[in-house]
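Using the sequences and the hints, build the whole thing.
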Amino acid sequence: MFFWSLVLIAVGIFSSFIYGRSRIKLNSKKQGTKSKSLPTYYAQYVLMWCLFPALIVYFSWAIFQEKIIQNIVISNFEFIEGAVYNQGLLLAEIRNVANNPSFADGKSIEIINAASHYSSLRQISQISFYTSIIIIMLLGALYASQKLKPEFHAQHTIERYIQYILIFCSSVAIFTTIGIVFSLIFESLRFFAEVSIFEFLFSTEWYPFIPIREGQTAAEGSFGAVPIFAGTFLVMVVAMCVAVPLGLLTAIYLAEYASQRVRKTVKPLLEILAGIPTIVYGFFAFVSVAPFVKAFGQSIGIDASPTSALAAGMVMGVMIIPFISSLSDDVINSVPQSLREASLGIGANKAETIKKVILPAALPGIVGAFLLAISRAIGETMIVVVAAGTAPNLTGNPFENVTTVTVQIVVALIGDQEFDNPRTLSAFALGLVLFVITLFLNIIALQIVKRYRERYE
Amino acid sequence: MNNSVAKEKIVSLRKKRSLEDMRFKYYGFTAMCLSLAVLVFLLYTIFSKGYTAFQKTIVLLEVDYNQEVLKLTPDSSDEEMEKGKFFRVKKQAVENFFPDLSKSDIKLVKKLFSINVDNEIKDYFLDNPEVINTKQQIWVTAHSDVDQLLKGNSRRDVPEDRRKLNDIQLSYVDQLVEENRVKQVFNNFFFTKADSRHPEIAGVAGSFMGSLFTLFTVFILSFPIAIGASVYLEEFAPKNRITELIEVNISNLAAVPSIVFGLLGLGVLLNVFGLPRSTPLVGGSVLALMTLPTIIIACRASLKAVPPSIKEGALAVGATKTQAVFHHVVPLALPGTLTGTIIGLAQALGETAPLIMIGMIAFIPNIPTGLTEPSAALPVQIYLWVESAERGFQEKSAAAIMVILIFLFMMNAIAVFLRNRFERKW
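Those protein sequence lines, which keep their order, are chains A and B. Under numbering that gives the first Met the number 0, the first residue of the first sequence is numbered 0, with each subsequent residue one higher. Under numbering that gives the first Met the number 0, the first residue of the second sequence is numbered 0, with each subsequent residue one higher.
Honestly, the hints are just simulated from the structure, not real lab data. From a predicted model like this one, the values you see are computed outputs, not experimental measurements. Certain hints may be false.
[Said to hold, decoys possible] Simulated restraints on C-beta separations:
no., chain 1, residue 1, chain 2, residue 2, range
1, B, 46, A, 267, 17 to 25 Å
2, A, 221, B, 158, 40 to 48 Å
3, B, 79, A, 133, 45 to 53 Å
[Stated by the list, open to error] Capping the alpha-carbon separation at 25 Å, the derived lysine-lysine pairs in DSS-like fashion look like this:
no., chain 1, residue 1, chain 2, residue 2
4, A, 355, B, 8
5, B, 24, A, 355
6, A, 146, B, 320
7, A, 106, A, 35
8, B, 424, A, 349
9, B, 182, B, 163
10, B, 24, B, 70
11, A, 349, B, 8
12, A, 354, B, 15
13, B, 121, A, 263
[Claimed, not checked] Facing chain A, from chain B, some residues (calculated, C-beta under 10 Å):
no., residue
14, 48
15, 150
16, 158
17, 230
18, 268
19, 314
20, 317
21, 321
22, 408
For glycine and all other residues, C-beta sits at the position ideal for the given N, C-alpha and C.
So this is what it looks like as structure tokens:
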């Protein structure tokens with residue numbers, strides 16, 4: 000349905016363009032004056048008045064049609080007294096019967112009635128959709144054609160419209176942020192209405208209770224997120240222990256020691272490492288690193304679980320190496336050459352120059368890079384989903400199974416999503432915590448890096 | 000202190016210092032080599048685990064297309080043939096697979112074959128209807144357990160109760176190998192079929208199409224919006240607080256974890272707007288919002304690279320600012336913006352977590368044909384297969400990773416090509 004309406008809109012705007020063009024030529028000929036703008040601007044003017052109203056109709060239909068129809072069908076549904084209905088299942092059943100008449104066998108009469116009601120409403124909706132698109136396009140063109148006079152400054156108007164479109168495009172980023180913040184806060188408030196915020200932040204028991212039958216209340220579950228935060232922290236620390244030395248030393252080597260040729264080959268290779276999807280790292284952790292960690296743990300007498308914080312953290316560290324090395328590389332390169340030369344000039348060798356002059360000078364920038372890397376590590380999902388565990392565990396032992404914020408979000412939202420129980424809603428509360436922490440780290444890091452840049456520029 | 004002692008001290012100190020210098024250099028070198036070694040090891044792991052998935056095991060089966068058993072006649076119509084009793088033919092063929100099988104043995108033999116064998120027997124017949132009332136030797140797909148055993152992925156020296164195939168079945172397989180009734184061929188199913196519960200007939204076609212549709216949505220949404228936003232910010236925006244707010248916003252959005260975008264999709268696109276779950280449309284919208292900052296940053300860089308003299312030239316001959324920008328600056332920046340978009344798309348292709356949030360993790364056994372049909376995506380498919388307990392899926396996940404890496408490699412190659420071919424140095 001929506002494909003053909005797109006075709007309809009395309010035809011509409013094409014003909015409106017042609018119409019606007021010929022109409023203005025005709026009008027200016029009639030009046031014997033030259034139009035203020037080129038004919039194509041008048042054509043564009045008509046086109047815009049055709050296109051945008053049509054798009055608004057199109058999208059509002061796409062978004063609201065199904066919901067409105069469902070509401071009407073449900074409100075007209077002949078409920079039998081005493082029977083218990085699940086609205087979602089009922090709707091699915093009605094839709095199935097409506098889309099596929101062969102499913103009607105054995106269904107109760109009120110469902111069949113509702114299904115025919117549903118399909119008739121859909122038909123009405125479709126017809127009115129096409130008519131309203133055609134009408135709105137005609138109205139738009141009619142309004143615009145009133146203005147097709149030679150003395151009308153079409154170009155100015157068009158340029159103003161283009162400005163509006165561009166402003167809209169730029170504000171998508173703001174809408175996105177608002178959308179994120181509101182959806183997180185809204186659902187989190189629903190969660191905190193049932194679970195106290197202090198329990199969530201400070202209690203150490205995480206047993207999200209899943210109500211199996213109706214009537215079981217969720218208050219019996221306990222939502223103390225401390226073990227989850229601790230697990231996230233542990234994995235992050237392991238990751239940083241791998242990534243910081245490797246990434247920083249690689250950056251130092253590339254920036255200070257390596258020849259041009261080595262730099263030119265190694266940097267793209269590191270970019271490959273950065274471009275590999277995280278699920279691939281997850282596979283790697285699961286298939287190669289986790290068994291290795293388990294065997295290693297056994298060989299030194301520690302009972303390691305098959306999925307451990309160490310395995311997930313190590314692989315996550317590898318993922319972050321290119322991130323740290325490229326950021327640090329930039330930072331080290333922006334340390335002024337004069338500092339290097341001064342240090343070498345008074346007789347320090349290269350290592351001493353790096354350790355005593357360049358690194359201290361670059362320190363703020365490097366710290367900024369580390370903070371960005373930490374925020375990356377905390378928000379990383381697929382590696383830990385595959386290679387760390389799902390059971391909360393308050394431990395400092397990296398050989399044990401831990402869980403992280405991101406894993407719990409995924410676990411809470413896989414499968415049935417009933418938005419009336421705190422288990423599902425807990426994902427949004429965890430998401431809010433994740434969002435706030437990463438945003439905070441990011442803002443600090445960007446500030447540090449910015450101030451650092453200003454110092455040397 | 001006399002002179003020679005001092006000199007000796009200086010010499011030894013210098014030696015120590017230069018040793019330290021060398022050591023530091025080698026630390027750096029080792030770190031770099033270690034990072035690269037991990038990359039090599041990662042690629043090696045994927046290749047060594049995955050290359051076997053491109054082959055499947057097939058078994059020679061003698062099928063008797065008896066018309067009585069099939070309940071068909073030589074002049075049955077096509078429609079009747081569709082409804083032929085092929086499962087009975089298959090049953091008979093399995094019963095006679097080895098001479099003198101007891102009832103319990105037949106059960107064991109049956110488990111050597113894929114669930115898809117019925118279809119293969121049927122397809123062979125539909126292609127060659129003249130074989131009715133003859134006995135045909137057909138190569139049919141073996142069960143994943145047999146496949147994994149012959150590929151050496153599952154071991155035969157573990158105790159019987161921890162093996163998929165018991166001792167009798169092992170002896171059957173050995174007999175087949177001895178009689179040359181089993182061989183390995185190219186696994187066309189992997190590229191032509193969607194996901195399945197049975198590893199031997201699971202493929203990436205469904206999730207590949209899902210990923211293509213998702214990327215298409217991402218492109219349609221993010222490319223125009225990113226160009227609009229970057230043109231505005233680079234060329235038109237007044238220097239004020241709102242512009243600054245937008246810029247800060249974009250750089251912060253770039254660092255928001257992808258899973259949070261998934262929550263956005265779930266909370267807003269699915270729950271508020273009621274868009275259909277598990278579809279490329281929603282997945283693509285979420286990924287478009289996620290990759291938008293990346294693409295905007297790349298687009299702005301390429302707009303910035305166009306020298307101001309071009310715009311000024313246009314302004315000087317009387318073009319308005321809008322004309323100067325859209326007729327002269329944007330076309331010159333287009334290759335750069337395309338490159339940035341492709342890199343953003345590559346990022347979107349590998350993203351898994353947001354797609355899980357919006358339900359693209361559902362089991363979809365058929366190949367999607369549109370934007371609003373439930374479908375899987377390649378990275379999610381990999382996740383599903385990695386998590387699966389069935390052994391046969393592990394090689395599939397590695398092979399799917401190879402597919403996605405090749406896809407990524409091609410996208411990056413296109414980006415590099417565009418950059419080298421069309422980007423002008425000023």
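Taking the hints in turn, this is what the structure says about them:
no. : hint                      : result
1   : B:46 / A:267: 17 to 25 Å  : 20 Å, holds
2   : A:221 / B:158: 40 to 48 Å : 42 Å, holds
3   : B:79 / A:133: 45 to 53 Å  : 48 Å, holds
4   : A:355 / B:8               : 22 Å, holds
5   : B:24 / A:355              : 15 Å, holds
6   : A:146 / B:320             : 24 Å, holds
7   : A:106 / A:35              : 68 Å, violated
8   : B:424 / A:349             : 36 Å, violated
9   : B:182 / B:163             : 20 Å, holds
10  : B:24 / B:70               : 81 Å, violated
11  : A:349 / B:8               : 21 Å, holds
12  : A:354 / B:15              : 16 Å, holds
13  : B:121 / A:263             : 57 Å, violated
14  : 48                        : 6 Å, holds
15  : 150                       : 16 Å, violated
16  : 158                       : 20 Å, violated
17  : 230                       : 6 Å, holds
18  : 268                       : 9 Å, holds
19  : 314                       : 14 Å, violated
20  : 317                       : 12 Å, violated
21  : 321                       : 4 Å, holds
22  : 408                       : 9 Å, holds
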